[in-house]
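Whenever a hint applies, use it, and build me the whole structure from the sequences.
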Amino acid sequence: MRIGIVVAEFPSYSETFFANKVIGLCERGHDVVVFRSVRNTDKILEDIYRFSNYPNLQIVTLDLRQSVSGIIKTILNYPIAWIKSFDTDLSVIKKKVFDNLCKIYFKKHACEVYHFGYSGLAISYLSLFDSLKGKTMVSCLGTAEKVKPVSELNRIDKLKMLFDKTDSIHCVSSNMAETIKKFGAPVNKMYINRPAIDTGFFSPKNEYKQREKIQILSIGRLVFQKGFLIGILAIQDLKKQFPGFTWKIVGEGPGREELFFHIHNLGLADHVELMGKKTKDDVVEIYSQSDIFFLPSVCEGIANVVLEAMAMHLPVVSSMSGGMDEAITHEVDGILVENYNRSLMTKHLYDLCNNFEKRKRLGAEAKKTIEEKFSLKRYIDVFESEYVKLTGN
44 MRIGIVVAEF PSYSETFFAN KVIGLCERGH DVVVFRSVRN TDKILEDIYR
94 FSNYPNLQIV TLDLRQSVSG IIKTILNYPI AWIKSFDTDL SVIKKKVFDN
144 LCKIYFKKHA CEVYHFGYSG LAISYLSLFD SLKGKTMVSC LGTAEKVKPV
194 SELNRIDKLK MLFDKTDSIH CVSSNMAETI KKFGAPVNKM YINRPAIDTG
244 FFSPKNEYKQ REKIQILSIG RLVFQKGFLI GILAIQDLKK QFPGFTWKIV
294 GEGPGREELF FHIHNLGLAD HVELMGKKTK DDVVEIYSQS DIFFLPSVCE
344 GIANVVLEAM AMHLPVVSSM SGGMDEAITH EVDGILVENY NRSLMTKHLY
394 DLCNNFEKRK RLGAEAKKTI EEKFSLKRYI DVFESEYVKL TGN
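The opening position of the sequence shown corresponds to residue 44 in this note's numbering, with each subsequent residue numbered one higher.
It should be emphasised that the hints constitute simulated quantities derived from the structure, not laboratory data.
Fair warning: there could be bad hints in the mix.
[Claimed, not checked] With a Cα cut of at most 30 Å, we get these calculated BS3-like pairs of lysine-lysine:
(1) Lys323 - Lys420
(2) Lys86 - Lys248
(3) Lys323 - Lys256
[What the hints assert, rightly or not] Computed beta-carbon distance windows for the label pairs:
(4) Ile199 - Thr104: 42 to 48 Å
(5) Glu301 - Ser174: 38 to 44 Å
(6) Val193 - Arg254: 38 to 44 Å
None of the values given here were measured: they were computed from a predicted structure.
Beta carbons: idealized from backbone N, C-alpha and C, even for Gly.
Below you can see the structure in the form of C-alpha cells.
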C-alpha cells in the first residue's frame, strides 16, 4: 500500500507519534510519503529516527509559502502553475501558486490514501481534496476541535465542510468522537485509535525508589491549553504544606515569559524550574529522576506525555480534560482531578508526596495499563486496518 502522511513539521520533538507511525508502517512493508509544510533541520532528530534506513520512505517538503525567493523559484520552475494562479492580490497569488504546486507534488507522489495529521491542517488543504486521486483521512487530536471552534470565526463551518469531503475521520478518544459529532461529523466515517507508546524506549532502567526530595514533572508546550498557570497556583498551595519538592517543566512555547513572571512573583523560583526543550533521550532520563507526573491541562485529546510517564512507572495526577479518563482509572493506575480544581490537585499531590507506597503502587499499575492497552503494535494495527478498509487492498 502507498500511504501519504500530511503534517506540518517533520520530524518534531512534540509530535513523535507521527514519526513512530511512519516508521511502523515502513517496517510493515508499506510505501510511505510524508508531505510536510516545514522541514525540521535539527540533526539530533534525524539521528534519532534514522529515516535514511527506510528505502520505502519519501519525504516531500511543501514550504513554498515561506519566502519570496520560494515564489520566484516556483515561477521559473512551474510557469504554467503561475499563469493559472494570476491575480492582483499578492496573498491570493501566493495561495493559488501553492495550491497548484501542491497538486503537482501530490500527483507526482500519488498515494492510495492521504492521511492529514490534524483537522486544522486538513482545512488549509481543503481546496485540493477534489484533485486527490486517493482516499482521504483526517485525525482529530485536540486543540483544533476543542479550542478553535470557540476562538476562531467560521471554524465550525470549515470543520463541517472537511467532514463532508473526507472519507474517514480518526478520533484520538471517545471524548473526541462525541465532540466532533456536534460539528456534523458522520458516525459512519469515524473510528477511534488512542495514542501509543514505544514501551521499549519508555521503560524504567532502575527500580522506583524513595528519594529525600520529591521531584514533580510536567512536559508540554508552554501554551494556555496545558494549564500551567493553574498548576502554578496548585504548587503554590503545596509549598505551604510540603516544601520538600521541586516541579520541573519541560517544554517551550509562547507562554514562557508569562509563566516565568508568575513563578517569580509568587515566590516559587526555588521550587519551579522551566527546563526548556529537551531531546527524547534527555526526557527519558528526566522521567527516571522524577517521582510524580503532573498534568494540569484544560484541553487535551489524550496526552502522550502522560502515557510516557505511566510507561516509566510514574504515578500521575491529571486533570480530567478530554479523554484522560480513557487512559487513567482513578485511584487504580493514577489520579484524576476535575478541570481547574487547583485545591484538589494540591490535595492529591500532597498525598502522593507523603506516601511512597501509594506512589509505587500507582506507578506499577500504570505501567501495566500502558503495556496492555497502549502498545505501538496495536496503534499501527488499527491504522493499517483502516487504510485497508478505505483502499480495498
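Results of checking the hints against the structure:
no. : hint                        : verdict
1   : Lys323 - Lys420             : holds (20 Å)
2   : Lys86 - Lys248              : holds (26 Å)
3   : Lys323 - Lys256             : holds (25 Å)
4   : Ile199 - Thr104: 42 to 48 Å : violated (31 Å)
5   : Glu301 - Ser174: 38 to 44 Å : holds (43 Å)
6   : Val193 - Arg254: 38 to 44 Å : holds (42 Å)
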